[in-house]
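Number of protein chains: 4
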Amino acid sequence: MIRAAVAGATGYAGAELVRILAGHPEVVLTVLTSRQYAGVPFDSIYPAMSRVITRELETFDPDSVCERADIVFTALPHKLPMEIIPGLIEGGRKVVDLSADFRFRDPALYETAYQAHSARQLLAESVYGLCEVFADEIGRARLVGNPGCYPTSVLLPLVPLLEAGLVDPATIIVDAKSGVSGAGRAPGLTTHFCEVTESFKAYKVAAHRHEPEMEEILSRVAGKSVNISFVPHLVPMSRGMQTTIYASLVGDAGEEEIRNCLVQYYEGCRFIRLNQNGRAPDSRDVRGTNYCDIGFVIDGDNRRLILMSAIDNLVKGAAGQAVQNMNLMWGLSETVGLTGAPFPV
Amino acid sequence: MIRAAVAGATGYAGAELVRILAGHPEVVLTVLTSRQYAGVPFDSIYPAMSRVITRELETFDPDSVCERADIVFTALPHKLPMEIIPGLIEGGRKVVDLSADFRFRDPALYETAYQAHSARQLLAESVYGLCEVFADEIGRARLVGNPGCYPTSVLLPLVPLLEAGLVDPATIIVDAKSGVSGAGRAPGLTTHFCEVTESFKAYKVAAHRHEPEMEEILSRVAGKSVNISFVPHLVPMSRGMQTTIYASLVGDAGEEEIRNCLVQYYEGCRFIRLNQNGRAPDSRDVRGTNYCDIGFVIDGDNRRLILMSAIDNLVKGAAGQAVQNMNLMWGLSETVGLTGAPFPV
Amino acid sequence: MIRAAVAGATGYAGAELVRILAGHPEVVLTVLTSRQYAGVPFDSIYPAMSRVITRELETFDPDSVCERADIVFTALPHKLPMEIIPGLIEGGRKVVDLSADFRFRDPALYETAYQAHSARQLLAESVYGLCEVFADEIGRARLVGNPGCYPTSVLLPLVPLLEAGLVDPATIIVDAKSGVSGAGRAPGLTTHFCEVTESFKAYKVAAHRHEPEMEEILSRVAGKSVNISFVPHLVPMSRGMQTTIYASLVGDAGEEEIRNCLVQYYEGCRFIRLNQNGRAPDSRDVRGTNYCDIGFVIDGDNRRLILMSAIDNLVKGAAGQAVQNMNLMWGLSETVGLTGAPFPV
Amino acid sequence: MIRAAVAGATGYAGAELVRILAGHPEVVLTVLTSRQYAGVPFDSIYPAMSRVITRELETFDPDSVCERADIVFTALPHKLPMEIIPGLIEGGRKVVDLSADFRFRDPALYETAYQAHSARQLLAESVYGLCEVFADEIGRARLVGNPGCYPTSVLLPLVPLLEAGLVDPATIIVDAKSGVSGAGRAPGLTTHFCEVTESFKAYKVAAHRHEPEMEEILSRVAGKSVNISFVPHLVPMSRGMQTTIYASLVGDAGEEEIRNCLVQYYEGCRFIRLNQNGRAPDSRDVRGTNYCDIGFVIDGDNRRLILMSAIDNLVKGAAGQAVQNMNLMWGLSETVGLTGAPFPV
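Protein chains in written order, with my numbering: chain A, 23 to 367; chain G, 23 to 367; chain U, 23 to 367; chain V, 23 to 367.
None of the hints are false.
Mimicking DSS-like on lysine-lysine, the simulated pairs with C-alpha atoms at most 30 angstroms apart in a straight line are:
| # | chain 1 | residue 1 | chain 2 | residue 2 |
| --- | --- | --- | --- | --- |
| 1 | V | K101 | V | K116 |
| 2 | G | K226 | G | K246 |
| 3 | V | K226 | A | K226 |
| 4 | U | K226 | U | K101 |
| 5 | G | K226 | U | K226 |
| 6 | U | K101 | U | K116 |
Simulated from the structure, these hints should not be mistaken for lab results.
Next up, chain A with everything else stripped away, as it sits in the complex (with noise of 0.2 angstroms):
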């Protein structure tokens, strides 16, 4: 069995692990860390748990970690991963960080969009834990930067496609709309309910930090510089992505070469759902699992590719890619625990 910490188990991301490992048949829980409720079980911040994860927060603390566990998943704001993760390393443990600390190969990127990187030792040897795409590397990795939410609902429809030329990397737009978990647990006015119900609006618009984080990866897809514009919307429900991306076909690449690129790609991903008939990929329908539903349509008019994709922000956005990313760390089966069954309503 692999014991597992979770440090930041109470937050959305956080608790969404300790929902996911509570029912990995390889993991055992063994730590779960909150500065916020050290002392208090589980279960009594998160209710719906009650009987079934009842082991008591604990402050984080690296030499215990290191002791009682194999994996630490780091749910935490960044500028803190960055700080502990260096000894958790030393001490021999594998990581998956589930914030931005480790997602960057250039630091500068990293400091331009957040601070000042104090382990910039680890971020030359952090793998970016597209599961899909970097999992040979993933496997090898002592350390896994787990990608955000909107970079995965934006790279996984679109890395095959650049990779192969069949669109132009300097006309992509992003429209990304993401449910309300996603701003976190932290109260606020933005996650007011009635602040929000009967609310749709954009936010950050082209300067969400998101943006360099895909920015890179597709620019070293594409061999070349990508700019994308980007522009996240915030929607009235509490979980899943959906995400429409723009790009001007290269040449005279039609339906079937769309399909054919993300088939070949995807062949043995269990987790992405290629959607027949150009049926649009709906959030509902992946609600709650690990997968990525794809789907496109050719605008034959403008020679425009219209890419949507739909994840669970949480499950694959997050927590879900996280315990693929442990699983391809331990040489498991990618699928092992993330197998329950989409709910039909």
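Given the coordinates of chain A, work out where chains G, U and V should sit on it, guided by the hints.
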């Protein structure tokens, strides 16, 4: 492995059965029927289930079902089940019926609330499938009438206290609230998004068909005729049911007697969770699970018990309890296939 | 024109006052105060009001307010109003207070539920602003304690029947449900979108501060001490309140007596709408309006009256009733400024 | 007083017309028609309107309507209006048609998107009722084709910039999002609460009938054929529409040029609100009002304009704009009857 058929697999309760049975380690789904969608793969009706349930829907054929299934779950509108279940029982199959057709012991009660009963002989033999209360009878049954969602949410908290004589049966008032999925998948004005959102109202006030169903069981438990006041309300949410029950306490029964009574009655029952410290059950905490959370407060000024419960109307209130009934009928642990961890959010 | 000040203009009740007063033909808004946002234009806090209310928010200065306003609406947390209102009254101004500070006649009741009262002399003079019930006293008042939302929804349907002796005061049970805006604008975990959506639960069971407020009025009306059981619930919607009240009928009172009693009591009251044919009031039908819809059903088996009401908690339950009180205090028709047509959806 | 008839008064757009016209100081509602509910009082279909609109619904009779109304609003499914409107115009009445039947100048465009047009002569005369853009023509019109909701949300922000040559017409991408009321009142699976809540998806991708409607106007404004990419999405909310538009800037146009262009174009237009400081328009801020909020951000890396708008699909996107058209046709101020203050929450 138990071979299971779901008749009426595309309604919300039927689809939820499919979801649960798909993850049940002792079950193989062999037949899914639908009048409306025969010939179509299940996952083209429920794209969420794409790659998970690809079996084709078929028309209900009794001989074929008897041949290919050990148990049949009938998730059909009332009246249909009583027409087809006699043939299934004759064919040696076990049946859990999710309609009202086999919930009543007294045919006259059924006929007043619904219509003439065409299978009275089976009604006499059928067992009311309230698992925690009638486990022994269910274990020996060929035919189980799966309880309604409202009755489940009312009877589980109330039966032990009524049986113990702690509450006065002449004073019971039930104020219940249900999510919209309780109204089923067939579209109508009452389930139109714009008519439901930002709306809260009572309906079928003191006139809902679940009232005689509860009263028959409560009368049996109390040993005398019990008439309650029952008012259901519609909540702008998809899944979930919360019920607040009011009843006068008998003699000097206090918090300790009430708690002890519930604790003892439900000892060993994994799906009943008794809240601590008067915490009110929240429908969110049981969403997607087979739990029934129970809480209570004593209104000292009036010597009144305020008893509250929360269930997921589609799980403990329908499909989950149906599978729990199957587990009991096959002598399995009641929790098999029903242990998915609750969602934190 | 009446010059009106709103103290606490950026809370939800305050902002709703601003909305209503902005459209009132006899009112000019002259002062809007806010501790948190002094110096900022109102419409930068509420962009919905852009171009409509551009006045700057200011700190509360009693002298300046007395000079510039004829009436002051205090939409502040309790305790603050009793500190500032005496000065306003001395300054010759009229006040409608939306907090609990001036709702009670018996200071002991207030002090048990809230804290020590520092303006008892004014408490003796203040009038409970339940417009349809205490119109005459309100017309002569300098200071009105605007009723709480729950008490409004309970008292309007219940007072006439209790006064007429048609229901037994010892048997009153109130099961009430409120939208989230009732919790105010200050963010917290209990108003976080992800914690509220797909959730239904009771809170402060038999322990809500609105209970003594109702009981004082009910006792006055009944001519003897009345203790009710009161359970509030939280509904995943923004605005709206629905209340279901249970009480035993006295003697052989039937549907006709109940209807006649309500019809006669509310003759000429434009904001009370009595539903026909037992139709249950829906919170949607009064959204954004000052109506209180009332309906009832008699549960014959138990000789129990089931009485239901629906209001918008921010309008008839707060700002709308406050303006109706002002209309009465100035001798205007009670409907002036409150006649916006209801939204169909 | 203008005597107004609403044909199709019980659909959502029709009922919203009734709400607005009921509060219009220059209008008296004289006829409400409904095929389905003829003979029934309007407020028994919309209990929210109880006591406010008690008029009986009637079948559409052209002679009677011509006799009793000066203006007819036709809020009917397309195809019906072109059958009845010629008679109304011949009868000397003015008409605002809310369907697509009289929105196109080119009958071929209409016929490709809808069906054969049976009143081509009137099509030539009808005016496209985008008030702020075509006010003069509307002022002289007998027949106005009221714009679709999506076209309104796209054309208002885009027309001034396209006309000024600031954006490249070959690069326009429109990612639009609508609340569920846009789908109308007729129940169906796509408007079922349980199918919509916690769901976000695109639909009719690059295949929506509003696309040719917009393109005809955009082409007229640009002076050459414009093809856009248009993707509508469904938001789990009742009312509201948010649209994000992407287009490449021409030359070195910057923030100041864009802002100045919009400010000058809409000088004196009370319903257009240009957000400051790049604040993204929120559908909540225009809920229940006739405002169109506009905001923009320039994505400098890509020299792309990101243009955003928010309207209430039932008001500025349907009934409100229809009344604004009537105001223009009668020479009234465009804001009469449309000045209700926005709701803060």
